[in-house]
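Trainee: Okay, here's what each chain looks like letter by letter:
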Amino acid sequence: MRRVIDGRDLLPPEPLELTLAALDQLTEGDDLLLLLNCRPAPLFGILRRHGYFWDECAQGDGSFEITIRKGIVGEQ
Amino acid sequence: MPADLSFEQAPPISVPLRFFLSAPIFGVVAGALLSWWGADVVTSRWLGETLALTHLLVAGFMLQAMTGALFQFLPVAAGCNIARPMLVAATVHPLLAAAALLLPLGLAGGIAIALRVAAALFLFAVAIVVVATGRALLRTPAQGATVLALRLAVGGLAITVLLGTALADGLAGHRSWPLVDLTSIHVAWGLGGWALVLLAGVSYFVVPMFQLTPPYPPRFARWLPLLLLAVLLVWSLQLIVPIPQQLVLICGMALAGAFSATTLWLQQRRRRRIRDPVFWFFRLAMSCLLAAALLAAGVALLPALHDEASVAWILGVLLIPGVFVSAINGMLYKIVPFISWLHLQRLALPGTPVPNVLDLLPGSAMRAQMILHLLAMVLLLMSAVWPSIVTLAGVAFATSSAWLGVNLSRAVWRYVRARGRIGASERGR
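If you read the protein sequences in the order shown, they are chains A and B.
Plus 166 on top of the position in the first sequence (first one is 1) and you've got the working numbering.
Plus 43 on top of the position in the second sequence (first one is 1) and you've got the working numbering.
Hints listed in this document are in silico derivations from the structure and should not be mistaken for laboratory results.
Glycine included, every Cβ here is placed at the ideal spot set by N, Cα and C.
Just so you know, not all the hints are guaranteed correct.
Claimed, not checked - Computed cross-link-like contacts, SDA-like style, restricted to lysine to any residue with a CA-CA straight-line distance of at most 25 Å:
| no. | chain 1 | residue 1 | chain 2 | residue 2 |
| --- | --- | --- | --- | --- |
| 1 | A | 236 | B | 390 |
| 2 | A | 236 | A | 216 |
| 3 | A | 236 | A | 222 |
| 4 | A | 236 | B | 396 |
| 5 | A | 236 | B | 465 |
| 6 | A | 236 | A | 219 |
| 7 | A | 236 | B | 392 |
Said to hold, decoys possible - Residues from chain A shown here face chain B by an in silico Cβ test under 7 Å; the list is partial:
| no. | residue |
| --- | --- |
| 8 | 175 |
| 9 | 183 |
| 10 | 190 |
| 11 | 208 |
| 12 | 212 |
Take the sequences, apply the hints, and build the full model.
Mentor: Structural data, given as structure tokens:
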């Protein structure tokens, strides 16, 4: 299942707050798509420490698409 | 413009917070002294008391907040970090604070030794800031208008303090300096080359991000600090050759006006109808800058107004509390809860509750202080016509600054408590 958070018109750190709340409900096999106007480096640090994986894709309009999934035990 | 947040490189939170929490204290002292000294300070910009109040705000409130912002902002916006930030901050912070208290003492009381010691402390502390930030800014591979503005602003700070040192030396007894010319160049570099260029560089980054506006036009953003630098260099030539002062002043004011008008235009084009206190503080700051630019250009064209004390008072109020204190006040309300929240997120394990930004600093507290700041601004401006009001204006400004300090301190206290709870819950796992 994919959940989408469109943070492009939200005030920082609302997109990060919503993302971190959504991560608590993310199960293995699900992914979370995050749409943002900036590259969220603080989020990456938190994801890395807590064992999540992500792909980032810069869009032509300067925005970013970040796809986050939960790490499978033994994957790291 | 880098659209990135390299928070992983950010310094320990205590580094910027010590500067941010100290800044309002200088506002309280300035407001209290304004109230104590009363209407006389409105009558001349050259009175020792007026100079003391000015420096409590520019060398106290503003320099504290802007130095703290450099520590926090360099990793975020320029992708570079100040080496050994704890040591640099622990050295610079008390020196700048002591200097910012001694300088007004020397100016108001005509105490030569206070002026000399303050100048020496400023010179030493600012040299550390300039070397530490300049080194980081010159080494960063990041490019763009924000980095360019930050580099120029740090250079502007160095020149401001060098000129200020010469002035302090002159006031302390060495009358060989051309004090009037030197003062007008010192003011231009301090408010234009340091404060305005830094404000522009920070705005390029934070206005689109925190107010959801389109980005600043890239050419405008790049050329503005360079043109301001050119105007300041020509302005400084008056020390050695005659210059067309009115024309140069009008050019400088046109650039300042263009920056404020562009920011106001971008705010109008924001993607969401945001009306939080940060938005209003920025709108107030930019409106004051536009008004000051128009007034200063008008004064340049009408020399009869040049020696009007009330005009100098209005310009000073518009520029210092109006532009810079307002913008800093708004930015502190964004930065302090934001970095506190991020630091808590870094500490917490998944599932551990972390207070959100508005839990750390509620909007109602910010709005109430903002209204008082606005009232203080109105009273300060009215003092130009009715100088007796200045006592009340001083009380309002001191109370507003104290309230800012209380709001920031409560946010930091909530951060400390939350950090303690996170530590306790993780020890219990």
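Trainee: Does each hint hold? Answer for all of them.
Mentor: Consistency of the hints with the structure:
1. A:236 to B:390: 19 Å, holds
2. A:236 to A:216: 9 Å, holds
3. A:236 to A:222: Holds, because 15 Å separates the two Cα atoms, which is no more than 25 Å.
4. A:236 to B:396: 19 Å, holds
5. A:236 to B:465: 23 Å, holds
6. A:236 to A:219: 6 Å, holds
7. A:236 to B:392: 15 Å, holds
8. 175: 5 Å, holds
9. 183: 6 Å, holds
10. 190: Status holds, d = 6 Å.
11. 208: Holds: closest Cβ of chain B sits about 4 Å from residue 208 (chain A), inside 7 Å.
12. 212: It holds, given that the least Cβ distance between residue 212 (chain A) and chain B is near 6 Å, below 7 Å.
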